[in-house]
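There are 2 protein chains.
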Amino acid sequence: MRLSELGEDNLLAKILPHSQPNARVITGVGDDCAVVRFGAAKDLLLLKTDCVVGNIHFAQDTDARAVGWKAMMRTLSDFAAMSGIPEFALVTLAIERKRKLSWVEKLYHGLNRAAARFQVAIVGGETSDTRGSTVVGISAAGYVERDRCVWRTGGNANDDLFVTGRLGGSIRSRHLKFIPRIDEARWLTSHFRIHAMIDLSDGLGTDLPRLARASKLGFVIEQNALPLSPGCSPEQAISDGEDYELLFAVSPRNRESLKRSWAGKFPKIPLTRIGQLTAKREIRKAKFPSGYVHFRQRR
Amino acid sequence: MRLSELGEDNLLAKILPHSQPNARVITGVGDDCAVVRFGAAKDLLLLKTDCVVGNIHFAQDTDARAVGWKAMMRTLSDFAAMSGIPEFALVTLAIERKRKLSWVEKLYHGLNRAAARFQVAIVGGETSDTRGSTVVGISAAGYVERDRCVWRTGGNANDDLFVTGRLGGSIRSRHLKFIPRIDEARWLTSHFRIHAMIDLSDGLGTDLPRLARASKLGFVIEQNALPLSPGCSPEQAISDGEDYELLFAVSPRNRESLKRSWAGKFPKIPLTRIGQLTAKREIRKAKFPSGYVHFRQRR
Numbered sequence: 001m002r003l004s005e006l007g008e009d010n011l012l013a014k015i016l017p018h019s020q021p022n023a024r025v026i027t028g029v030g031d032d033c034a035v036v037r038f039g040a041a042k043d044l045l046l047l048k049t050d051c052v053v054g055n056i057h058f059a060q061d062t063d064a065r066a067v068g069w070k071a072m073m074r075t076l077s078d079f080a081a082m083s084g085i086p087e088f089a090l091v092t093l094a095i096e097r098k099r100k101l102s103w104v105e106k107l108y109h110g111l112n113r114a115a116a117r118f119q120v121a122i123v124g125g126e127t128s129d130t131r132g133s134t135v136v137g138i139s140a141a142g143y144v145e146r147d148r149c150v151w152r153t154g155g156n157a158n159d160d161l162f163v164t165g166r167l168g169g170s171i172r173s174r175h176l177k178f179i180p181r182i183d184e185a186r187w188l189t190s191h192f193r194i195h196a197m198i199d200l201s202d203g204l205g206t207d208l209p210r211l212a213r214a215s216k217l218g219f220v221i222e223q224n225a226l227p228l229s230p231g232c233s234p235e236q237a238i239s240d241g242e243d244y245e246l247l248f249a250v251s252p253r254n255r256e257s258l259k260r261s262w263a264g265k266f267p268k269i270p271l272t273r274i275g276q277l278t279a280k281r282e283i284r285k286a287k288f289p290s291g292y293v294h295f296r297q298r299r
Numbered sequence: 001m002r003l004s005e006l007g008e009d010n011l012l013a014k015i016l017p018h019s020q021p022n023a024r025v026i027t028g029v030g031d032d033c034a035v036v037r038f039g040a041a042k043d044l045l046l047l048k049t050d051c052v053v054g055n056i057h058f059a060q061d062t063d064a065r066a067v068g069w070k071a072m073m074r075t076l077s078d079f080a081a082m083s084g085i086p087e088f089a090l091v092t093l094a095i096e097r098k099r100k101l102s103w104v105e106k107l108y109h110g111l112n113r114a115a116a117r118f119q120v121a122i123v124g125g126e127t128s129d130t131r132g133s134t135v136v137g138i139s140a141a142g143y144v145e146r147d148r149c150v151w152r153t154g155g156n157a158n159d160d161l162f163v164t165g166r167l168g169g170s171i172r173s174r175h176l177k178f179i180p181r182i183d184e185a186r187w188l189t190s191h192f193r194i195h196a197m198i199d200l201s202d203g204l205g206t207d208l209p210r211l212a213r214a215s216k217l218g219f220v221i222e223q224n225a226l227p228l229s230p231g232c233s234p235e236q237a238i239s240d241g242e243d244y245e246l247l248f249a250v251s252p253r254n255r256e257s258l259k260r261s262w263a264g265k266f267p268k269i270p271l272t273r274i275g276q277l278t279a280k281r282e283i284r285k286a287k288f289p290s291g292y293v294h295f296r297q298r299r
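Respectively, the protein sequence lines represent chains A and B. The opening residue of the first sequence carries number 1 in the numbering used here; numbering runs sequentially from there. The opening residue of the second sequence carries number 1 in the numbering used here; numbering runs sequentially from there.
You can trust all of the hints, since none of them are fake.
Quick list of in silico lysine-lysine cross-link-like pairs, BS3-like style, CA-CA up to 30 Å:
1. Lys14(B) to Lys98(A)
2. Lys100(A) to Lys177(A)
3. Lys98(A) to Lys98(B)
4. Lys106(A) to Lys14(B)
5. Lys100(A) to Lys14(B)
6. Lys98(B) to Lys14(A)
7. Lys216(A) to Lys14(A)
8. Lys14(A) to Lys106(B)
9. Lys177(B) to Lys14(A)
10. Lys280(B) to Lys14(B)
11. Lys98(A) to Lys177(A)
12. Lys14(A) to Lys100(B)
13. Lys177(B) to Lys100(B)
14. Lys177(A) to Lys14(B)
15. Lys42(B) to Lys42(A)
16. Lys177(B) to Lys106(B)
17. Lys259(A) to Lys177(A)
Chain A is nowhere near these chain B residues, computed Cβ spacing over 10 Å in every case:
18. Phe178
19. Arg210
20. Leu228
21. Ser229
22. Pro230
23. Gly264
Restraint-style ranges between C-beta atoms, simulated for each label pair:
24. Ala225(A) to Ala59(B): 52 to 58 Å
25. Asp147(A) to Ser257(B): 49 to 55 Å
26. Ile171(B) to Lys280(A): 56 to 62 Å
27. Ile171(A) to Arg24(B): 33 to 39 Å
28. Ile171(B) to Lys265(A): 58 to 64 Å
29. Lys42(A) to Asp61(B): 45 to 51 Å
30. Glu5(A) to Ser233(B): 47 to 53 Å
31. Gly264(A) to Arg146(B): 42 to 48 Å
It is worth saying that the hints were derived from the structure and are not from the lab. All residues carry an ideal CB built from backbone N, CA and C; glycine is no exception.
One chain only, chain A, in its complex shape (with noise of 0.2 Å):
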């Protein structure tokens, strides 16, 4: 069987139960970041990992300092949906042997400035020549008060489902300039009981299946209510992807106080109901295209 005959879930899935369980691991994969003792300390410490890859993730002719910075942000968007704070990341960069010194530079100059925009220390970096595309990784460890954390699992039935801004057509620019929904998360969490979350990476179609399953539960969607980007059809803000936006299950019971408050906190980003998680494990809406999916071919 070949890679691109699995999805992504499917090959960690097969591959990832036979790593050996450990008393100091609370979430290892499955969620948006591992959730992990340190020594005795209070918080949890958050570690995630992630890359962009050349003529994958952007295209060769990309501003490096835009994929410097959207490899930053990518694996930081993970910390706000577990409503973490990012603290220390590390580089790891494969390239080729021939490219020029400034796209390096250039690089690291978007990846120092998403950094930067949200006090997070470079704390290493590896680099090796490849054959091939270009290789950025981006490992980044952070805290997350106990009290705190959302999982993906926490989610109740009849729980109103929220996202935050506008999805679909995120590849026409935003792919490469947004900024992770961290201080969102946290606001969030310091006044409402989130029962679970995740960060819309891979589309609504891939990651409200991915949250409703961890929850062990089903979900209908109101098609209309979901907040399109401006020219999307309600399929692109199903399927396109990398909208970087947060999607959270809240009891019904807040709904109006949080609609009231987040108008008031962030004028600007709008906060949407677009349906709500249900007892049963079957989704109602049943033409749900999925998002994107690494190692399987977009519909």
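Please arrange chain B on chain A, whose structure you already have, making use of the hints.
Here is chain B on its own, set in the frame of chain A:
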């Protein structure tokens, strides 16, 4: 200027001072691991990333299990160099989608086996499609007690320089099978005041000057004293690289007790005094061929 004209140290030196400093960062780039504070935790948090690349660090026909072992152990070896304990690892894999699932399964078999050898939990994986060489990146987090962390910078003039094991000829097979000197490093720092330490990944000819430079010292080597792997010349011991042995500096007052108690504890692993650090920042062994440095041709 192209990357091939710069060594990796020069590249990092050129780029990384632009990163933001941070009060929680004790050591960023410039040692084997980054050393940072995590909240109010007593122990220090160690972070490290490294990668192996197809056609650079392993041949395309290398057993994927050996690739996984090597990828994991290279990163863990940097924890040995700080006298640290690795606890958690993240795997970043960029691989062509036409590759067989069985290759990835074997890779993870090697990764898991290596991680289990040191009770390291693999807590995350990111997999991406690529065009060209396979890249396996391993990031790890772990800890070291504040009073047992060993940097490259702490060497004193007249310190003895010791190396563990034998040097040279790693490419014949050792580079795919080595066991990082974590247990040995922990034993050293529990019994002696080790002033400075590094793991020999790029070869004595590259890594000893790095340690001496970090300590603002020079060094003398007794070439006849080098512990040679069977069939290797002193030049090979200096230049081959990928030994993954420890090189450390310790007061000559400890010389005899160190040799004696090491021989009792690790009878099968040679421990050899190969020279000493010197006050002058000059290198007294003129003909010192360089180890393997990425982006620069082997001399």
